[in-house]
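Since chain L is already given, all that's left is putting chain E on it; use the hints.
Respectively, the protein sequence lines represent chains L and E. If you read the first sequence in UniProt numbering, its first letter stands for residue 1, the second for the next number, and so on. If you read the second sequence in UniProt numbering, its first letter stands for residue 1, the second for the next number, and so on.
Treat the hints with care, since some could be wrong.
Put simply, identical chains are the same to the list, so a pair is met inside one copy or across any two.
Claimed, not checked - Okay, derived cross-link-like pairs now, EDC-like style, lysine to aspartate or glutamate, Cα gap no bigger than 20 Å in a straight line:
| id | residue 1 | residue 2 |
| --- | --- | --- |
| 1 | Lys462 | Asp194 |
| 2 | Lys410 | Asp165 |
| 3 | Lys410 | Asp194 |
| 4 | Lys444 | Asp176 |
The set of hints was computed from the structure by calculation and includes no laboratory data.
2 protein chains.
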Amino acid sequence: MHAQDMDALHLALVETLGEDCVSVDTSVADAHAGDWSDAPRMRPRMTLLPRTPEDVARALRVLAQHRQAVVVQGGLTGLAGGATPQAGEVALSLARVNAIESFDRIGGTLTVQAGLPLEQLQTFVEEEGWFFPLDLGARGTCQIGGNAATNAGGNRVIRFGTMRDLILGLEVALPDGTVLSMMNRVTKNTTGVDLKQLFIGSEGTLGVITRLVLKLEPMPSAANTALCAVASFDDAARLLKSLRARLASLSSFELMWQDFMSAAMDIAHLKAPFGDAYPVYVLVETLGEADDDRLALERSLEQMLEEGIVQDVIIAQTIEHAKQLWAYREAVGELLSKLKPHAAFDIGIPMERMERFVEAVRTSLAARFPQQTHLFFGHLGDGNLHVLSGPYAAASDLLEVEERVYATVKEAQGCISAEHGIGVIKAPFLHYSRSEPEIELMRKLKTLLDPTGILNAGRVTK
Amino acid sequence: MHAQDMDALHLALVETLGEDCVSVDTSVADAHAGDWSDAPRMRPRMTLLPRTPEDVARALRVLAQHRQAVVVQGGLTGLAGGATPQAGEVALSLARVNAIESFDRIGGTLTVQAGLPLEQLQTFVEEEGWFFPLDLGARGTCQIGGNAATNAGGNRVIRFGTMRDLILGLEVALPDGTVLSMMNRVTKNTTGVDLKQLFIGSEGTLGVITRLVLKLEPMPSAANTALCAVASFDDAARLLKSLRARLASLSSFELMWQDFMSAAMDIAHLKAPFGDAYPVYVLVETLGEADDDRLALERSLEQMLEEGIVQDVIIAQTIEHAKQLWAYREAVGELLSKLKPHAAFDIGIPMERMERFVEAVRTSLAARFPQQTHLFFGHLGDGNLHVLSGPYAAASDLLEVEERVYATVKEAQGCISAEHGIGVIKAPFLHYSRSEPEIELMRKLKTLLDPTGILNAGRVTK
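Just chain L, with the same shape it has in the complex (with noise of 0.2 Å):
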């Protein structure tokens, strides 16, 4: 773009937005590198903070009249490089749209703008007796706009769903400055197109997220937590059916394998959770009642132990225990530091195909990079398994990596992206999972949408 072309952008942008809500950064070259994953985090020609969803609206309006391509900006806590700036981009940043805007404390649904954080509306929920079940480790920075452009899942999918299953309710503007409301309030609604669909989990390639309007669960009393040791993965499955069953306060069912297990507790110096080592391990936890959520998790976990579907078993005693016991999973933090250069995988495997997608992953990768470390844990409720593998020096190497991970997961028919988002970085895998016809109809709906092509490009579809 032309320096006069530009002015006349920012003269209009100024005009609408305010002048204090229109950053220009001049040092910003045109071309960059297109490595993604390890690029330094790219800075926009200009950055757009609108301090009101209608205020995003008119920006997008006069972006399309310019043809400026434009990446949608929450937290930025984003795994797939979506919200990364590209050669050229503007960007809109959510951070100033961010007001509660009311809360139905009788029926517990809450409307509010995009950009704000996660733990924010967390709190504020809490407060009032409610709360939002999302929860993920970016909480203090992630927006629930970016929650919802991205389907964002965590721990808890397993009982209250994705962040899909929480929305009952959007109003999105459209790269024509349409502000398109769907702001339903209700749980069931069957009046024609659910059209709010379109917009959740697309990662902000169809329109800007403005307003949200989020169902809240009662705040549960206490959580109860507990670490099974596992003889299978078939028993672990086992568990799971008959956890399901019996406690409907189910809400984590978190699988690691004994080679995740030892590289936690090698890194994050913790002490063998049992006297023997188990080839699998799971931690549960339910969110409820105190007392009777207790005793049904001890009973259920009990004639496990009684059947031999478990072979051992700690629950916790306290918030503290509880809170060592995830210290295990949550290793994976510093694991992900400690592997880097490092592949990490975050894909759905049909439960059937589990057991069988883990042994070959594991064979075809120990066999070829015999020096790298490959782990296995994930969010078993939902079929969701992390791979992490590394670190690898060559950028073939990762490269490699993932074709060979993907391409068995499309043999398991399983998904790329089970949480994660495709963002740029998966783009190129994007028909490891869908159907030509699929990519197809996308991209017709992107036009559809988007016809000048300025709203996150590149993105999901290449």
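Structure of chain E alone, referenced to chain L:
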């Protein structure tokens, strides 16, 4: 259409599907009156009964080439006239596309064809220790594909969600003959636009659902049922919040106002459940484990009695006793018959507006139509209110009732259909629930996916 064109179409369909899959009704007249609610069921000029999902797609391509309007038919149990043939339409029935294709017994996912009746599906998985939680009165006849196309609800939405929440994957035949395969098998899949959502609840206007991957629950071992007498709607809302916090196994929360309760007792010759009459009654059910769950329900309701949130309570001691408690709620079938011709509403109202809404509608209808009966009840757990009002001899009175109720729904920011859908009957009222930009986008999606406009024309959006 001229006889000659019809012959060419008939020939092409016979060639595509085989003679035994195409039946022609030569007695059907082209023109027909447009009053769907009272009209005798119209007969289509031709009925197609393909045997495979692939043949559905082939039939659609032929129909589009001939620009022949087609109505998609499942079990014909819908309440919004969506599957009733309009003048000149060909019917495409899914009745023979009804195979159970595969079953992941470890993870609990089932792959079926769209024409499978709901009850057959339920029975099949229950024999294997799994449970498909969707349930509705028409279970014996309705088909799973129709349940998806209308996003069916029922009594257990509060815990398990609507049909949308139970669908992992879909295959859809588009009017151009494309088979759009979106047969995802995992709970979490964040790989771009979740295209299947377009087809769930859009009542067959965008494509024909041919295959589904469904999410199952482990079979609960027991249901526990209670009937609660409550002093006010406010207390019922408080009861709902407390029970949701304490009982994750809560699967039904059915509210009946006093006037409904009296009418139900009258028509079904049922005894009053309590010594006194109360303003509001709530039928509560949990699904889960027998002993622990029952104990938790008893303890929770005891505490609600102590706190004065509940005035009186009956907990069912046997399955027979539970049926007796449900009989009040299920008298609705007989009430529907008695009050014919009636206006039967299936609306969603935000909880904080519910009490005011019921009062406003009750007062307005009683003042204008003092001779008629007006009853209020619903799946309160999910904001779904049913209003039954009748009998009305004059069609203009019926229309007036509809206009009054829907205008009040709009004021309350509710929706005009929570679970029955829009079909033909409610299409004129769609604007009470959806904004102009939404309806405009629905029309654009219709043109994108069905450019010749042959599929379920006139349904949902006019």
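Classify it for me, Lys410 with Asp165: is the Cα-Cα distance of at most 20 Å met within a copy, between copies, both or neither?
Intra 26 Å, inter 24 Å, cutoff 20 Å: neither.
Intra- versus inter-copy proximity for Asp194 and Lys462 (alpha-carbon distance at most 20 Å)
between (26 Å within a copy, 17 Å between copies)
Same-copy or cross-copy closeness of Lys444 to Asp176 [CA-CA at most 20 Å]
So Lys444 and Asp176 pass the 20 Å test inside a copy (17 Å) and across (15 Å) alike.
Within, between, both or neither: Lys410, Asp194 at alpha-carbon 20 Å
Between. Shortest inter-copy distance 18 Å satisfies the 20 Å Cα cut-off; intra-copy 29 Å does not.
The structure fails hint 2 only (numbered hints given earlier).
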